[in-house]
Amino acid sequence: MFTFRGGIHPREDKEATEHRPVAVLPLPARVYIPLSQHAGAPSRPVIKTGDQVKTGTLIGEPGGLISAATHASISGTVADIADLPHPLTGRRGPTVIIDSDGADTLDDSIAERDYSSFTAEQTIETIRFAGVVGLGGAAFPTFFKLSPPKEKPIDTLLINGCECEPFLTADHRLMLEQPAGLVEGTTIMAGALGVKNVIIAIEDNKPDAVKAMTAAVAATGFKVRKLRTRYPQGAEKQLIKACLRREVPSGGLPMDVGCVVQNVGTALAVRDALRFGRPLYERVMTVTGPGVREPKNLRVRIGTPVKSLIDFCGGYSTEVGKVIMGGPMMGIAVSSDDVPVVKGTSGVLVLDRAATLFEEHDCIRCGRCIQVCPMSLAPLRLNNLIRRGRLEDAQAEHVKDCIECGCCAWACPARIRLVHQFKYAKSELAGTERKQ
Amino acid sequence: MNEDEIKVKAEVEVKANVKEASSPPVSTLTLTSTFVVSASPHTRSPATVSRIMWLVVFALLPALGGSVWFFGPRSLLLVALSVASSILFDSLAQKAFGRKPTPFDGSAVITGLLLAYNLPPGVPLWMPIIGAAFATIVVKQFFGGLGHNFINPALAARAFLMVSWPTYMTTLWLKPHGGPLSGLDAVSAATPLALVRRAAELVPPDMNLSELLRQANSLAELKRLFIGNVGGCLGETSALLLLVGALFLVILRVVDWRIPAAYIGTVIVLALVLPGSHLMPWFHVFSGGIILGAFFMATDYVTSPITAKGRIIFGVGCGLITMLIRLYGGYPEGCSYSILLMNVATPLIDRLTRPHPFGALRKRQVAA
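Here the protein sequences line up with chains R and Z, keeping their order.
Position 83 of the first sequence, counted from 1, bears residue number 83 in my numbering, the numbering being contiguous throughout.
Position 342 of the second sequence, counted from 1, bears residue number 342 in my numbering, the numbering being contiguous throughout.
Hints are computed from structural coordinates only; laboratory data are not their basis.
Treat the hints loosely; a few may be bogus.
[Said to hold, decoys possible] With a straight-line cut-off of 30 Å between C-alpha atoms, the simulated DSS-like cross-links for lysine-lysine are: (1) R:Lys400 / R:Lys426; (2) Z:Lys100 / R:Lys400; (3) Z:Lys223 / R:Lys426; (4) Z:Lys100 / R:Lys423; (5) Z:Lys175 / R:Lys423; (6) R:Lys223 / R:Lys150; (7) R:Lys223 / R:Lys14; (8) R:Lys307 / R:Lys423.
[Said to hold, decoys possible] Calculated from the model, a selection of chain Z residues having no Cβ within reach of chain R, i.e. all distances over 12 Å: (9) Pro41; (10) Leu77; (11) Leu222; (12) Ala261; (13) Ala308.
Glycine included, every Cβ here is placed at the ideal spot set by N, Cα and C.
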């Protein structure tokens with residue numbers, strides 16, 4: 001079985017939603033759309049307060065080389081472009097507030113079309129202006145990954161259907177419900193990259209998805225590869241290692257080893273952009289956890305407040321401990337359910353209070369963190385260095401290669417908040433670099 | 001509740017300046033939240049420090065049963081005194097140093113058990129108390145408590161008792177009877193290793209092995225050693241009962257198999273190749289404290305290396321030093337000193353065996 005070094009196998013907790021078809025969340029009355037929902041520069045607003053917009057209308061154009069467009073997710077009136085805290089980072093930034101007119105009128109540009117004559121450049125430009133970003137969580141602009149520089153030849157496209165985070169089942173449902181669309185999107189991306197070797201990677205805890213995708217790729221020559229269920233199998237570098245035995249160099253990108261990785265949801269968004277001219281203004285996500293009364297997979301408009309999702313799922317069932325955007329291993333805990341979901345939100349997880357409090361002890365040097373680290377780092381050493389303020393030494397021991405997967409902290413019997421320390425060190429080091 | 005956990009009771013002022021006709025104008029919106037906010041991951045494995053410690057305690061219990069069987073209820077008394085005083089001194093020291101006392105985390109219980117297991121069953125009752133005080137106060141808490149001591153507390157205490165009261169620590173062996181009320185009536189009976197050593201020293205190298213050595217290498221002796229019906233420290237004699245607990249810990253992955261495997265493997269190889277070893281390898285493995293040491297003391301997380309490679313080096317080092325002491329040193333047994341010496345070498349081993357980060361250049365590549 002294909003896999004990688006290290007990793008863990010936490011409880012999967014996917015039973016609550018893995019068999020539930022994707023439901024559509026009713027239109028929200030108001031959406032809050034941050035202009036920075038992707039890695040790179042924020043989009044530049046192209047509308048002003050009081051403008052009428054339709055669903056899918058461009059409201060922000062790409063604001064730099066690495067950036068993505070942003071679109072209205074409902075039709076109505078732009079109520080304000082306010083300076084609001086970002087749901088994930090907490091940093092303030094321009095956010096477009098749209099009040100719904102209830103009609104959900106589609107923008108005129110959205111219509112089915114024949115894209116078979118598109119050149120690779122046209123395809124990539126279409127994806128760029130459709131605001132498609134990586135839907136696996138990192139939200140890296142998709143067009144950028146599809147246009148590697150000449151000196152980095154690409155030979156393999158990996159489609160990531162691992163969904164190794166516990167609780168989340170959105171990608172699983174997409175593979176079951178829209179395999180044909182997914183293959184179409186994959187074909188578009190493979191064409192834009194000019195690669196023949198396409199691998200769709202799925203963990204073996206989703207045999208039905210493996211079956212559905214194997215049937216869907218029958219005529220294409222794409223390969224479906226079953227991987228061992230092991231977290232973080234879906235992390236980009238680990239996935240490449242498992243499927244291709246290639247090691248992305250420290251500080252490098254998949255394109256350095258001739259590879260591009262795209263999430264299954266991204267493939268569908270690419271298909272929608274090309275075939276229907278539909279920009280990325282909605283996505284599928286899992287609303288789940290012991291704190292939600294009726295867990296569901298939902299198709300949600302970008303910018304919908306988290307509270308609306310929870311209400312649609314029957315409300316909170318216990319005293320809420322944490323509300324997490326994403327999964328339990330890498331998701332971001334938010335301080336309020338008034339924050340909107342963004343393009344990178346793969347799920348909303350609600351944990352009860354008892355499950356969220358961990359008491360930290362001194363390290364007993366058991367070495368579990370080293371055994372499980374998929375990047376072969378020494379988390380306990382890094383933790384000691386960072387707590388002593390020796391950030392340069394931590395950098396020399398590759399703290400920047402940490403992918404923040406959380407395996408070390410999960411496995412730590414002393415409950416040391418290792419990832420917290422590494423995130424802190426990385427942001428401090430990045431800040432120092434910016435100054436220089 | 002954990003005070004460090006970042007509890008956000010944030011009052012986020014959002015100046016939305018929303019001007020709407022339908023709803024009243026809202027200029028300032030105040031959000032109050034009591035959600036817990038902290039860095040990922042938001043879930044943890046079931047393993048905790050105290051759970052691990054109590055599993056080790058549990059795994060040590062069969063050997064305690066064996067000890068009571070072979071050496072009588074005096075074993076139980078010594079163990080009880082050792083464990084109780086370990087917990088007491090550990091907690092008192094924690095209190096004195098302004099730390100939170102943790103009498104129930106299981107670590108002091110392990111120290112107490114291991115200390116008692118390393119004493120001859122005939123020692124006076126005050127010895128485990130003195131030993132426990134040294135182990136917990138000096139070795140463990142002086143250096144910062146659980147996780148910070150650089151040598152194994154129980155073994156350090158044994159070494160301390162050994163140099164302070166050498167006669168008590170090397171002669172008060174009890175003759176095992178295999179009956180529950182036996183032991184107390186027996187006078188001193190030397191350990192198999194000590195017997196063999198004395199015999200070997202009497203035998204000139206050019207002569208045939210003495211009758212004693214032939215006996216030591218017999219299958220009957222192997223059986224006796226394996227079951228533990230021999231003289232020795234209180235908890236070290238029964239390889240069988242120790243292995244039952246050890247297997248449990250290895251299967252649960254509480255201890256890494258690499259250290260005992262490398263340790264015992266090295267002992268076997270050296271018993272075969274080193275000059276001066278007239279004993280079968282199994283005699284070396286099952287006599288003395290190697291099974292207890294290799295599975296329960298060399299594997300002490302705090303004082304052994306953190307990487308897989310480092311643990312193999314550690315185990316090999318323990319085996320090497322044990323055999324050098326046994327064959328050429330001044331003591332018949334070298335198990336506890338070998339582990340103590342390797343404890344001291346652990347920071348160095350950790351430094352030499354740092355894992356190679358994913359995607360980082362190899363040394364060769366850097367040079368090229």
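Now for the hints, and whether the structure bears them out:
1. R:Lys400 / R:Lys426: holds (6 Å)
2. Z:Lys100 / R:Lys400: violated (35 Å)
3. Z:Lys223 / R:Lys426: With a Cα-Cα distance of about 59 Å, the restraint between Lys223 of chain Z and Lys426 of chain R is violated, given a limit of 30 Å.
4. Z:Lys100 / R:Lys423: holds (29 Å)
5. Z:Lys175 / R:Lys423: violated (60 Å)
6. R:Lys223 / R:Lys150: holds (26 Å)
7. R:Lys223 / R:Lys14: Given pair Lys223 of chain R, Lys14 of chain R holds - Cα atoms ~25 Å apart, limit 30 Å.
8. R:Lys307 / R:Lys423: holds (28 Å)
9. Pro41: Contrary to the label, Pro41 of chain Z does not stay out of reach of chain R, its closest Cβ about 3 Å off (not over 12 Å).
10. Leu77: holds (30 Å)
11. Leu222: Given a closest Cβ separation of 34 Å, the condition holds.
12. Ala261: With a cut-off of 12 Å, Ala261 of chain Z remains clear of chain R, as the shortest Cβ separation is near 16 Å.
13. Ala308: The claim is violated: Ala308 of chain Z sits with its nearest Cβ about 7 Å from chain R, within 12 Å.
Comparing the model with each earlier hint shows violations of hints 2, 3, 5, 9 and 13; every other hint is respected.
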